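Residue numbers (the working numbering), protein chains in the order written: chain C, 1 to 601; chain D, 1001 to 1500; chain L, 2001 to 2307.
FYI, nobody ran anything at the bench for these hints, they're computed from the structure. Because the structure is a prediction, the values reported are computed rather than measured. Any given hint might turn out to be false.
[What the hints assert, rightly or not] In silico EDC-like pairs for lysine to aspartate or glutamate, Cα to Cα no more than 20 Å straight-line: (1) C:601 / L:2157; (2) D:1133 / C:241; (3) C:62 / L:2106; (4) D:1178 / C:352; (5) D:1133 / C:352; (6) D:1088 / C:4; (7) D:1133 / C:299; (8) D:1006 / L:2157; (9) C:62 / L:2094; (10) C:601 / L:2106; (11) D:1088 / C:299; (12) C:348 / D:1175; (13) L:2151 / D:1004; (14) L:2040 / C:598; (15) D:1133 / C:598.
[Claimed, not checked] Covered stretches of chain D (chain C as the covering partner; in silico rule of three or more C-beta atoms under 8 Å from a C-beta of chain C): (16) 1328-1334; (17) 1367-1374.
Yeah, the Cβ is synthetic: ideal placement off N, Cα and C, and Gly gets one too.
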Amino acid sequence: MVVETEIIPFFEWLQLAVPFFLTVAVAVAVFALAASYLICAVRYGPLAGGDVVYRVVTTSIKEILQISPRRVFALAWLAIQESVRRRVLVVFAVFLAILLFAGWFLDNSSHDAGKLYLSFVLTATTYLVLLLALFLSVFSIPNDVKSRTIYTIVTKPVRPGEIVLGRVIGFSLVGTVVLLVMGISSYIFVFRSVNHTHEVVLLDDPELVEELPEGERFRTTTEQEHRHVIFEDADGNLATDFRNSHWHPISAEDSPEGTTYSVSPPEGTFTARVPIYGKLSFLDRAGRPASKGVNTGSEWMYRSFIEGGSAAAAIWRFPGITRERFPPEEFPDGIPFEMTLRVFRTYKGDVERGIPGSYVIRNPDKPDIQSSEQIFVAREFYTDRKFIPFELEDEKGNKLDLFEDLVSDGKLELAVKCLDPAQYFGMAQADVYLKADDAPFAMNFVKGYLSIWTQMVLVTGFGVMFSTFLNGAVAMIATLAAIIMGFFTKFVTDVATETVSGGGPIEALIRLLTQKNLVSPLEDTLGNRVAQLLDEGVMFVMVRMGYILPNFRQFDSSDYVANGYNIPWDLALQNLVATFGYLAAVFVAGFFFMKTREVAK
Amino acid sequence: MRQEWKSLIRKVVYFVIIAALLVPLAMISRPATNKSPGGMLAQLRQQHQLAQANLGEIDPASETIRLASLGMTGIAANILWEKANHYKLVEDWTSFKTTLDQITRVQPNFAAVWRFQAWNLSYNVSAEFDDYKDRYYWVKQGIEYIQRGTLFNRDHPKLLWDVGWFICQKIGRADERKQFRRLFKNDEDFHGARARTEDFDNWLVGKEWFLRAQEAVARGSSLRGMSPLIFYADAPMSQINYSANLNEDGRFGEFAKAAWAQSAEEWLAYGNMNTPTSYGFDIRLNEREALEEQAQELRDKLEALAPGLRQRLIDQKRATLTAAQREALDLPVSERVGDQHIRASEAREITEVTHREVAGHIEGEDGIQALRIANQLEDIEESARVTQRYRDIVNFDYWRARCLMERTDDALLARELVHEGAEKRASGDPNGAKESYAEGLKYWKKVLDEFPSMLDDRTTGEDLSKVIEQYREILDQVEEPFPEDFPLQNVIDRYPPKPY
Amino acid sequence: MSATTEAAQAAAPSTPAAPEAIVQTRSLSKTYRDFWGRQKVRALKPLDLEVHRGEIFGLLGPNGSGKTTTIKLLLGLLFPTTGKALVFGKDSSDVSKNERIGYLPEESYLYRFLNAEETLDFYGRLFDMPAEVRKRRTQELIDMVGLNWAKRRQLKEYSKGMTRRIGLAQALINDPELIVLDEPTTGLDPIGTREMKDLIIKLRDEGKTVLMCSHLLADVQDVCDRIAILYQGELKELGRVDSLLKVDEVTEVRARGLSEEAKSEIREVIQRHQGELLSLDNPSTTLEELFLRIVRESEERPGARPQ
């Protein structure tokens, strides 16, 4: 799986995030105070203005501290009932319809059907739930103000913060229930769609049998446009080969009529691997350390390549290798690791043979101590599974014990080389990892839904905040804008920092209307210059907005679930804490907007 | 309270009815796909040919997604293309393929989309994989993709032609062609039956698709800008390529002879076809010789009417040339230097005497006849020129000669012996190899004597030169000298072996 | 005045010389500005007002005179342009003052998808009342406003009078010291009006303060102790009802059991003292009294009235 940004351990992240959050909070607070003082000074005069600001701040702090849980939950319960009356259940009907007709659009014979279905289901759920959160949250307070039911609330000892908090909690609860139902039905849907079985067919046509590789006397029927070859492993168990990202175990039953074979449901489709990532470093072709490898012409620079037949190597340093983590009883064959490499041939050579490579296990502090070279053949785009045995030999034949000789301070190095000169291997840091035992898939699925939950809560928070000072339709547009910015943050910041050519929004509009392409320069007219100047202002705001508004793609962990990798708790916790950070900010903003608002206008 | 219950019961009943109706609806309108014939409607449609006549199948999934995008299919297609490009960039092939499927659901009748993305799959994506089996898989994905396109755009000659092209060219001309062809022949899943018969050679399967494209045009579809000359050449060329490939696979004898005979037949049939040209008249590739004969007759007749007139006119014109021009004109082409080429062509232009000019100088009754002859002559000569030009485009002469040559027993033997020799050499029997090669080269001499024009073609010449080089190497191996009076010396002279 | 009032007065401790001002406004004014800051409407000109504990105070005036604006300013629904509004000594923007206030708005403005019980329970929660207290109060109030038979029905099915009643219940849920009523009798039928007025008086007798605004003069006259009359945002008159309405020069005598002789004697007495007899005949009862009597009798004896 592609991991473009490294995931920092949670507490490390916390140490960075909390000061940052506080700094931003203080900066915003100071800015807000200064701005409000200015406004009050203009309105009431400098001293009176200062007095007003002081009073508002002190009463606000008092009011925030006086928030009563009973009131908050009363308002939350009200929000829930309001949602139900507003036919929130319609979303279930839509979701059901989507699931029913999804089969027309999804191909369960595809190469990786599990990934396809999972990613579809998670995407559909995300969009639906976010839309639901949007519509629920933005109309509630404006409706109250319009129908004046807010009079009977505000004239009770209800703090403004409670109004905001109550609604956020209420709508989040509704969203949670919806998400729960969708999650369960999605789980069932995905499993049922991908599930299939084959029957075993005995090949008795001698002509056919003659051409097949040794041992292939049986094969399965074709289901979902694929069939398997059947092998017998060392223990005598029958199993199919790994095709379309799954395999089936086969059981044989002997009976008087003969042996009947039954093929079990597919395995390996739904996994949650727990990778232990290491740090990747490179050696160039002369054996000197390099920051990254060679670029063989790909536009996407996630991976870089090492040259074969030279001293070039890619070295991973893995942390946390201890006997407790990998007890030999649970890992009889050694520490498993998975490797996915790219191959680049400068000449095709023998197409029937793969490019050979080798890897050694080394001691990070004493690189002379390393195991003998283990040769392998690279299979591009396949995840190769291998093992680091606990007992190895070095080149001279001396015995090495993994934990004694090669692991140093819990760290271990794996160095990969390509053996074929003028051919290249390509890798990124996340392409080779040690595999601790798989996490249960169901738990990972839940974590994926947790990430959708955080996004929903964010949308609810923003929606309620916007609705405290805007009317329903405008609040909806503002929240929608925040969501879109959230999904396209990278693009927006790229445009704003001019990483992408084409200028800011006004310039882009001019280009659209005059049908100019992105890279040709605009004519130097006054109008264009004014437009560009305005754009600078807009882009300034855009960059700030981009950094402040939540980047939804970071909160979205559905890639992990679909690709079968465990969502690390570090990531999940980071997202949760970030969500609550945003909620705090949104709450404070909403509180002030609510407080300074004349509801009876 | 009772009122509440009643309205609730009514709602539940409605919901149940709606859900119950959805089930048969889904069953009836399930679309036909490659795997299943689809629901009742799809099958009926197929039976009664009720689909839109000039388009193809209508896929309910496609209609649904187009409806769901509320008419903004353009925007939806745009977004999907962006996504597809992104997936291609990050090498996420599963998602890429899925997105391509969605694109064609949104725009099923846009032939360019099918062609572009099928090409993407078969040529671009397949090249990303290292293992040839994976490459073949993706080539096949592209082929199946464009086949699906023909379902929705029935009788679209370009799409049908594309299927043929991919199967013939991508499988048959790739670097991995040996492996691809083997996989293709044995690909049960693709052909849908036990495939090991000759019929599933990729060239022949591709040829079927070319023929289907031709049938579509015969049924009235327009060629949509494809050149008819090249369009109709592809089916016989596939047959020729098939026959040539037999040699590579090491199959000779009667079987190969029959294949080449069929190639010759089909190529000649192609030559006899009425081919429209961009000059406004039709030609037949085969006819050039006949046209030449006719032209010569007429030229003789014209000359007879006014013997020597033409030469006189030419001499008159020559007199007007400058000295430099005359000098340049008289020099042979290879000896011209610098701007003598320009002088020469100027001179040629000035001294040109057309038939009409000649006829114009003849008086009286003869003059009228001469004029008639001259007009006819000019038409025929132009026809012949155009025919030759078109022949050159498809290399008609070469292939015709080659087909005729390859189907002779001598040629078959020559090739078989050389092949045997190569095998013997590879298995470590240089003496046996030497003998086979010597025999084979002898037959090659016979063939070249019979078909001297073959030597004009570079491919044959260079291939033969390579064979002779291999023979030389074998002689070195057995430490025998290369014969002095080597019968095929002219081949080596004409096509000296390349240094590498 | 009834016997109850006198008893209450006797039971109350010696009233202090200066009655406690529950509500105070000092130069309170409200001007609506448009977007550009220009003045649009001067809804309320600077107003100085006091409402004392234990009295029924009425704000009178035609539509648009600023009475509803004053109420909203006092409750914190609007922010004053100048001046201050103090309730229980706290600024009107202080939310904690609402603990002791009950507010019945003109149109009830309740959540229509809740039923009566749920509504009162909800508002009870907003006062942070524990569950048993809430339950008890809910039932008490529903009984008091006589909506027991409809307590499970959603408010969207209620008639106007019923919504007014449940609104009143919600205003009283926290047993407030100050009750603010905005047009309490507007739109009610005579029975409802009578009940509302009785209730207001009962509240005053319980020691609560009532501030109400209305444009129905007759109702205000029946109920209020002190009134303020507003016109076009300005205070025009302020004072006790009885003293404002007292007509000094005229003496009114109401007596029961007078014979014709007694009446003529009285006429003579007046003449003797050089007084002007304005009228000496049976007074009229109010139409309200007549109406209520008929309704009461009809409920006891249904059927057409005997001629």
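For a C-alpha distance cap of 20 Å, please report whether residue 1133 (chain D) and residue 241 (chain C) respect it. Given pair residue 1133 (chain D), residue 241 (chain C) holds - Cα atoms ~16 Å apart, limit 20 Å.
Next pair to validate is residue 1133 (chain D) with residue 598 (chain C); report whether the Cα-Cα distance is within 20 Å. Violated, at about 72 Å.
Are the Cα positions of residue 1006 (chain D) and residue 2157 (chain L) separated by 20 Å at most? Satisfied, since the Cα-Cα distance of roughly 17 Å is no more than 20 Å.
Closer than 8 Å Cβ to Cβ for three or more residues is the test here. Does the segment 1328-1334 of chain D pass it with chain C? That given contact is violated, which follows from only 0 residues of the segment 1328-1334 of chain D lying within Cβ reach (below 8 Å) of chain C.
Is the straight-line distance between the alpha-carbon of residue 601 (chain C) and that of residue 2157 (chain L) 20 Å or less? 28 Å, violated
Within a Cα-Cα threshold of 20 Å, do residue 601 (chain C) and residue 2106 (chain L) meet the stated pairing? It holds: about 15 Å lies between the C-alpha atoms, which stays within 20 Å.
Mind checking the alpha carbons of residue 1088 (chain D) and residue 4 (chain C) for me, to see if they're no more than 20 Å apart? 16 Å, holds
Below or equal to 20 Å on CA atoms is what counts here, so check residue 1133 (chain D) against residue 352 (chain C). Measuring from Cα to Cα gives roughly 9 Å; hence the hint holds.
Between the alpha carbons of residue 2040 (chain L) and residue 598 (chain C), is the straight-line distance 20 Å or under? 17 Å, holds
Closer than 8 Å Cβ to Cβ for three or more residues is the test here. Does the segment 1367-1374 of chain D pass it with chain C? violated (count 0)
Is the Cα-Cα distance between residue 62 (chain C) and residue 2106 (chain L) 20 Å or less? Given that 20 Å is the threshold and the Cα spacing comes to 32 Å, the pair is violated.
So if I understand the rule, the pair passes when the alpha-carbon distance is 20 Å or less; does residue 1088 (chain D) with residue 299 (chain C) pass? The hint holds at about 11 Å.
The structure does not agree with the numbered hints 1, 3, 7, 15, 16, 17 stated previously, though it agrees with the rest.
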